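Listed in order, the protein sequences are those of chains A and B. Residue 1 is where the first sequence starts when you use the working numbering, and the numbers rise one by one after that. Residue 1 is where the second sequence starts when you use the working numbering, and the numbers rise one by one after that.
One thing to keep in mind: the hints can contain errors.
Below, in silico cross-link-like pairs of lysine-lysine (BS3-like), each with a Cα-Cα straight-line distance of 30 Å or less [unchecked claim]: (1) B:K125 <-> B:K58; (2) B:K125 <-> A:K14; (3) B:K187 <-> B:K95; (4) A:K14 <-> B:K244; (5) B:K234 <-> A:K25; (6) B:K187 <-> B:K216; (7) B:K78 <-> B:K139; (8) B:K240 <-> B:K102; (9) B:K127 <-> B:K58; (10) B:K36 <-> A:K14; (11) B:K127 <-> B:K102; (12) B:K240 <-> B:K227; (13) A:K14 <-> B:K227; (14) B:K127 <-> A:K25; (15) B:K41 <-> B:K187; (16) B:K125 <-> B:K102; (17) B:K79 <-> B:K227; (18) B:K79 <-> B:K95; (19) B:K216 <-> B:K186; (20) B:K186 <-> B:K240; (21) B:K41 <-> B:K102; (22) B:K240 <-> B:K127; (23) B:K143 <-> A:K25; (24) B:K187 <-> A:K14; (25) B:K139 <-> B:K240; (26) B:K201 <-> A:K14; (27) B:K201 <-> B:K41; (28) B:K244 <-> B:K234; (29) B:K41 <-> A:K14; (30) B:K78 <-> B:K127; (31) B:K102 <-> B:K201; (32) A:K25 <-> B:K58; (33) B:K143 <-> B:K191.
These are calculated hints, taken from the structure and not from any lab test. Model, not experiment: these values are computed from the prediction.
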Amino acid sequence: MLDFAVVLEPDNLKLYGEGLLTTVKLLVISLACGLAASVPLAVLRVSSNRLASLPVWGFTYVIRGTPMLLQLYLIYYGLSQFALVRESAAWALLSDAWFCAMLALAINTCAYTTEMLAGALRATSHGEIEAARSMGMNRFTLYRRVLLPSALRRSLPAYSNEVVMMLHATSLASTVTLLDITGAADRLYSTYYMPFEPFIAAALFYLALTWLIVRLFRRFERRYLAYLAPRTH
Amino acid sequence: MKKITLLAALVASGLAHAADPIRIGVDATYEPFAYKSADGKLVGFDIDMANALCAQMKAKCVFVEQEWKGIIPALNAKKYDAIVSSMSITEERKKAVDFTSKYYHTPSRLIARAGSVSGTPDSLKGKRVGVLKASTQEKYALKYYQPAGATVVPYNSTQQAYLDMAAGRLDATVADSVEGSTGFLKKPEGKGYAFVGPVLKDEAIFGHGAGIAVRKGDDALRNNFNKAIVDVRKNGTYKKVNDKYFAFDAYGE
Chain A
1 MLDFAVVLEP DNLKLYGEGL LTTVKLLVIS LACGLAASVP LAVLRVSSNR LASLPVWGFT
61 YVIRGTPMLL QLYLIYYGLS QFALVRESAA WALLSDAWFC AMLALAINTC AYTTEMLAGA
121 LRATSHGEIE AARSMGMNRF TLYRRVLLPS ALRRSLPAYS NEVVMMLHAT SLASTVTLLD
181 ITGAADRLYS TYYMPFEPFI AAALFYLALT WLIVRLFRRF ERRYLAYLAP RTH
Chain B
1 MKKITLLAAL VASGLAHAAD PIRIGVDATY EPFAYKSADG KLVGFDIDMA NALCAQMKAK
61 CVFVEQEWKG IIPALNAKKY DAIVSSMSIT EERKKAVDFT SKYYHTPSRL IARAGSVSGT
121 PDSLKGKRVG VLKASTQEKY ALKYYQPAGA TVVPYNSTQQ AYLDMAAGRL DATVADSVEG
181 STGFLKKPEG KGYAFVGPVL KDEAIFGHGA GIAVRKGDDA LRNNFNKAIV DVRKNGTYKK
241 VNDKYFAFDA YGE
């Protein structure tokens, strides 16, 4: 028998509310940082200069090749073992569970988004590039006016997927003491020994957030990918 | 041929069923009660005591490891038959499981850097207090320290809380006095830390000592454990296990 009365108690709803806020904050900030860093990295990644592309390849390979939980543990519990780190100026940030979770999430989304954008950059049609060259654009202008806007637009559908995956990845924050949606469910689970109701409630929150994200991106795609849509008249 | 093999398999499984071992759930991150030795073996007071009780009941026991916060739900999901993992007998847990009588009783205390706080709830205002998720210590901290302005920080194991104490992310932690002493204070990382304030008292939260939890209504197993606890107290086996770990009688009065 499922009994959701416990979940609906004001105190517990408040716990979920705080969890929701934590989740959204983690998601938005890490996505913003990750995306901002991934644009220049993607440009380096497609560079014909190996000195520029190889380090970026190494970064995305390592981050995409290891589980995020492991990265988070290394950042949060691992680094704190070294007195050198604890005495450094960076400790002010690294001692904070918030910062560690955000760092791990941002690094992750940055690596995936970099590869995604690099793929879109490589897939730019040669005609567009030739046209830009024939207009006399230098490389910087070419990237700014043609390559990047086009690649960013074409990455939108894949990026919406990335955002949804990141939403789910934020649940790892509960393993480093943060009380996100999963953390809130965890607390109720361990307080009332009910395995189903608290997690089903958490799942509903995630589903609602996913629905919002998907709606938002559909709107973006309609606006920014209109030029690729089949003609309707 | 196939039919014969199937029949043999059925008979074999039937026999195996007759001698089903008692599966015991344990969270092996709780030194000196239940933890892993350097070579990865389950060791500790809980483990030795469970083995002694099983020997007394002439039963075969196997241990199943489980993270603390899910230890009661997993019992009720029949992942194992009993919990011998330093679980305090509390009214709240009694709603979910049945308990044997206690097999030991040690109090909880506050651990902090020596001289940093007095240990009263007010002295923890603005401080970060680490606790094990789903523990009696978490309940205590949420009831007394959080209203006084402390931040209660939940961990999946006490070991993680001790790591964060040593790293300086926590100002204090609430722990079982014996586990906190062996698991942290006596280790190199625990240097400079000490128990602060008196032994924590709240019977509604801490209950009456640690008991063995079984599924609700599993009276046969509960009674067998109860009888075995009385027997090992009498025949000296308890004292033998106790003295291996403690200089005092962990059974309490």
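Original post:
Do the alpha carbons of K240 of chain B and K227 of chain B lie within 30 Å of each other, as the hint requires?
Top reply: With Cα atoms ~18 Å apart, K240 of chain B and K227 of chain B stay inside 30 Å; holds.
Subject >> Proposed proximity, K25 of chain A with K234 of chain B (alpha carbon, max 30 Å) >> reply: Since the Cα atoms of K234 of chain B and K25 of chain A sit roughly 59 Å apart, the hinted pair is violated (cutoff 30 Å).
Original post:
Does K36 of chain B pair with K14 of chain A here, judged by a C-alpha cut-off of 30 Å?
Top reply: 38 Å, violated
Subject >> Given hint K127 of chain B paired with K240 of chain B - CA-CA distance at most 30 Å >> reply: 41 Å, violated
Original post:
Do the alpha carbons of K78 of chain B and K127 of chain B lie within 30 Å of each other, as the hint requires?
Top reply: Cα-Cα ~40 Å, so violated.
Original post:
Hey, K41 of chain B versus K14 of chain A, does the alpha-carbon distance stay inside 30 Å?
Top reply: The hint is violated at about 42 Å.
Original post:
Can the restraint linking K201 of chain B and K41 of chain B be considered satisfied, given a maximum Cα separation of 30 Å?
Top reply: 34 Å, violated
Original post:
Quick one, are K187 of chain B and K216 of chain B close enough, alpha carbons at most 30 Å?
Top reply: Given pair K187 of chain B, K216 of chain B is violated - Cα atoms ~39 Å apart, limit 30 Å.
Original post:
Would the pair K79 of chain B and K227 of chain B pass a check requiring their Cα atoms to be no farther apart than 30 Å?
Top reply: Holds, at about 24 Å.
Original post:
Can the restraint linking K186 of chain B and K240 of chain B be considered satisfied, given a maximum Cα separation of 30 Å?
Top reply: 23 Å, holds
Original post:
Would the pair K125 of chain B and K58 of chain B pass a check requiring their Cα atoms to be no farther apart than 30 Å?
Top reply: 52 Å, violated
**OP:** Mind checking the alpha carbons of K41 of chain B and K102 of chain B for me, to see if they're no more than 30 Å apart?
**Re:** Holds, at roughly 25 Å.
The earlier numbered hints that this structure contradicts are 1, 3, 4, 5, 6, 9, 10, 11, 13, 16, 19, 22, 24, 25, 27, 29, 30, 32.
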